[in-house]
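**Q** Put chain W on the given structure of chain S with help from the hints.
Protein chains: 2
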Amino acid sequence: MIVHEIRKGAYYDSVVLMQLQKALVALPDVVDAGVVMATAANREVLAASELLPADVLAKADDLLIVVKGESEQGARMALAQVDELLARRPAGTVATFRPKSLATAVAQAPSAQFVLISVPGRYATGVAKEALDLGHHVFLYSDNVPLADEVHLKHMAAAKGLLLMGPDCGTAVINGIGLGFANRVRRGSIGLVAASGTGLQAVSAEIHNLGGGISQAIGVGGRDLKSDVGGITALQALDILKRDPHTTVIVLISKPPAADVAARLLRAAQNAGKPVVVNFIGYAPPGRRIGNLLFASGLSDAAEHAVQLSYLEPPALLPSRRPLRGYLRGLFSGGTLAYEVLLGLQAVLTPLVSNIAITPAQQMADVMQSQGHTILDLGEDVFTQGRLHPMMDNDLRLRRLRQEAADPEVDMILLDVVLGEGAHPDPAHELAPAIGTAVQAGKRVVTIVVGTEEDPQVLDSQIERLAAAGAQIFPSANEALDYVYNRLPPVESAYPPVPLTAFGGRGLTAVNVGLESFAQSVRGQGGTAVPVDWRPPAGGNEKLMAILAKMKQQEGG
Amino acid sequence: MIVHEIRKGAYYDSVVLMQLQKALVALPDVVDAGVVMATAANREVLAASELLPADVLAKADDLLIVVKGESEQGARMALAQVDELLARRPAGTVATFRPKSLATAVAQAPSAQFVLISVPGRYATGVAKEALDLGHHVFLYSDNVPLADEVHLKHMAAAKGLLLMGPDCGTAVINGIGLGFANRVRRGSIGLVAASGTGLQAVSAEIHNLGGGISQAIGVGGRDLKSDVGGITALQALDILKRDPHTTVIVLISKPPAADVAARLLRAAQNAGKPVVVNFIGYAPPGRRIGNLLFASGLSDAAEHAVQLSYLEPPALLPSRRPLRGYLRGLFSGGTLAYEVLLGLQAVLTPLVSNIAITPAQQMADVMQSQGHTILDLGEDVFTQGRLHPMMDNDLRLRRLRQEAADPEVDMILLDVVLGEGAHPDPAHELAPAIGTAVQAGKRVVTIVVGTEEDPQVLDSQIERLAAAGAQIFPSANEALDYVYNRLPPVESAYPPVPLTAFGGRGLTAVNVGLESFAQSVRGQGGTAVPVDWRPPAGGNEKLMAILAKMKQQEGG
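Same order as they appear, the protein sequences are chains S and W.
Sequential numbering from 1 applies to the first sequence in the working numbering.
Sequential numbering from 1 applies to the second sequence in the working numbering.
Treat the hints as calculated values from the structure; they're not laboratory data.
Honestly, I wouldn't trust all of these hints.
As the list claims (entries may be wrong) - Selected chain S positions facing chain W (Cβ under 7 Å, derived; list incomplete):
1) Val3
2) Ser49
3) Leu52
4) Gly126
5) His208
6) Ile281
7) Ser297
8) Ser300
9) Gly335
10) Thr336
11) Met368
12) Gln371
13) Val450
Said to hold, decoys possible - Some chain W residues well away from chain S (every beta-carbon gap over 12 Å; in silico):
14) Lys100
15) Ala103
16) Leu500
17) Thr509
18) Pro537
Claimed, not checked - Stretches of chain W that chain S covers, calculated by requiring three or more beta carbons in the stretch to come under 8 Å of a beta carbon on chain S:
19) 230-236
20) 391-404
21) 415-427
22) 521-530
Beta carbons are placed, not taken as given, at the ideal position from N, Cα and C, and that holds for glycine.
Isolated chain S (complex conformation) (with noise of 0.2 Å):
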């Protein structure tokens, strides 16, 4: 026996609503209860449970309640008791004072220098403006915050110098204090960056378990590293743990991000002067070990390694090394080396054109004329026909060589010299003297050599005679990468860093907007929080709070 009643447009905080649930539950006679907001996804979820009941008419911003009862009359009886089950303060809850408003709420507490937020998403964005506009970073928990709200607010709070976590931030470590979930962890040296909540529990949780230990944890949300987003958050995130002195590793963890935003962030992690260690879960890794990044493969792995490195000596700073300042070409006749060089490059080289594109924007208009940067696999079928392979015969190869030797745009040329069984004879003999072209003409040539010392054309003597015409010479495609990657220069910040007074020391205070637990988890920790009373505006009617928005950009404007 089903009985229900709507509260239209009424707010509860979830946590109440859990509450209420589990009290009616708790009721004689009731057999199952729902108390939930009547999304159409709730609305599915009491449904599979039976406990949704026939031609409801509440809206998703109703609060709907149904009682499922041994018998009508208990259903009913439950049902009336709500009021009162809800006006019952949950257990530990001490009635003190507390601000109404955020404004009081941080006169209250000056040291405060952190807003946490919980409120529902479509209040979240106002009181984030709102705590941005006090001076505060923020830690915005809540979610179904719409996409362009965000890009509005981390544009605010980075011109600002601020930092805004969020919005979906289920967890950061700040200081020693863990915010939304967070998992107790030693302090330490292992910095992390994270867009997904869970992810930066389970690898700091991990770095714990292993011995490790955590300087700062800083969660971005999971839409920062959208290309709409850009990776604001992550980019500030990652200038702080670059310069903050306790951190001497640093960890990235997210889903795969945009091309182009994981390039940049990639980019800046490339320029950390730390090891870094990236997972981004999904994506495919350039390779195991570049330049300072390790890219891991899972959250376990990414832990385990940053303890690993944590343990190691700080790295020696790189001497400095002229950085990339012209286009990149490269002219392979291995196909799988090309993929593995373009797949490398494209992680921190956008725009980049080949013959083999990996992705569709990458695909060459005509593979006759290189673009930007260039890699192109001249062992391709399309340059194969009724013509020996790039192996064996270097002319194709060596006419390119030149081509772009001699293009002023031109800064490194990569190359591949396989040796072995049915390879050219001396393809040294053939290649050093373009090579000796380009390197006078002021172009790096990068040589990566694929062969043994049981090989017919001599090893040691191939590199030898490309070596004196002036190429680099790399055993492998990463270790080609590896010196590609180290003279990427930095990539420029649109936006002022973000102080590290915030940054370090021990315990935070902040302000609480939203669930209380969270204030509470805080305080346990030995940090201060200091809750606000928060009531949604105009009492969560939707018309009123337009007109109130209205006004109060009016009065400010």
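**A** Chain W in isolation, oriented as in the chain S frame:
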């Protein structure tokens, strides 16, 4: 001054063309020369070197000879010598008797087990068919072979228990003898399967340079792992190395395979009973090490790990475990754990659906109803409107858990329990009874617990209570995946196994059709190569070829 000559529909070996071009350039008064089949790409190459004559009327299968001279007279004199230059035998070639047909050659070398084919692509299918009909494994170097031909040839080979390596197979090392392009490497216990020629070369050379050795290296061709071909050769090769007693570690190299092919291949690899290092370059790895699979990031990483593994004791055979017999359902509170598990499972289990689909095909029709293997992130925005996150409120998950436990098609249920500040104070208390019910219904409940001993929920006691209810407990998604991988049933092959007779022992006898240099290098390595003095059927005339093929078919039918 450019002069040119067109030879209509003429066939010449690519080596001959390269040598002619070099000979022309070496003549007095010649500045540059081009000798190519007049394909669009080759004409563009000529144009780039200012060697393309104006309004030249050559077709793709015409030979185009271009000479640029100091003077017109010099150029014309060079052109007049073409026939004489073509008639020259390349240095080092000894005029001995050469069988004119494959059948004669095979009769002459009854111990030959391989036929190497490097004729131009349009003739390759016919030669390969003949070789398979004669009962030989084929190493098909030729590229530009139509995809449909490849599919047909591979089905034909597999049905006969023969291996067709290629087309566009650059490399193999069989019984210590390199075929096509191959580095000289010591023999050892590492077996390679590679879709890519240079990838195989780079990895085998690096293994050698690191002190390791190769048992067999089997090339499968660049398109073998596409959906149309379905990895036929790779699966055969993997099976050979699995049974080969000299192979203790297997390395699998390819550009990213089609998802369905990757899944089949990884399932086969996962049942190899030996460690398998997988390097699908540009593929998002499901983890670093899962079951017997190690996912390498890059060619160097693959080589390093193969060598390390080859030094270790072979792993003990795992005790037999009850293989997965029904569907797997994941009910996650942590989005990233859900994502990592989805990523891990999609590598080996298809079809698979989710509300956080990585590929469009994975998108669930109805998030309220699981179908087949299903991974659910219950913390997604749609589930948290007006409702607490499942890390705080277990209600939704408990309802779903009971639903899955009641489904007779379900074998395994995957859960996560994320402890820490902000999370539910005692999740095990609420979850254990429902887990117990599922276990009693015959389900296996795999639970990932994220936490530290400092967390307020007391990690140990949470684990204890979940385990007491019958859950399998793991500290990470990676270890949970390991549990699942080790319980995947083997995949059945539609084809008979390839007999190991041709693989093992020292040396090899091959019949060579095409590039003379490939036969020379087999001999240079101590193998035996019988060359066929191959000419295109009907002198390369397409129409005549079609008629001949038809006549042959009727004869056979």
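**Q** Next, verify each hint and record whether it holds.
**A** Going through the hints against the structure:
1. Val3: 19 Å, violated
2. Ser49: 5 Å, holds
3. Leu52: S:Leu52 check fails; min Cβ-Cβ to chain W is 11 Å, beyond 7 Å.
4. Gly126: Violated. Min distance 18 Å.
5. His208: Because about 5 Å separates S:His208 from the closest Cβ in chain W, which is inside the 7 Å limit, the hint holds.
6. Ile281: S:Ile281 check passes; min Cβ-Cβ to chain W is 6 Å, inside 7 Å.
7. Ser297: 4 Å, holds
8. Ser300: Holds. Min distance 4 Å.
9. Gly335: At about 6 Å, which falls below the 7 Å cut-off, the nearest Cβ of chain W leaves the hint on S:Gly335 intact, so it holds.
10. Thr336: OK, holds: S:Thr336 within 7 Å of chain W, min 4 Å.
11. Met368: Check passed: Cβ of S:Met368 comes within 5 Å of chain W, closer than 7 Å.
12. Gln371: With a minimum Cβ separation of about 14 Å from chain W (threshold 7 Å), the hint on S:Gln371 is violated.
13. Val450: 5 Å, holds
14. Lys100: 23 Å, holds
15. Ala103: Consistent with the label, W:Ala103 stays out of reach of chain S, its closest Cβ about 26 Å off (over 12 Å).
16. Leu500: Since the minimum Cβ distance to chain S is about 24 Å, W:Leu500 lies beyond 12 Å and the statement holds.
17. Thr509: 16 Å, holds
18. Pro537: Check passes; 17 Å lies beyond 12 Å.
19. 230-236: violated (count 0)
20. 391-404: Since 8 is at least three, the answer is holds.
21. 415-427: holds (count 7)
22. 521-530: holds (count 3)
This entry does not satisfy hints 1, 3, 4, 12, 19, going by the numbered hints stated previously.
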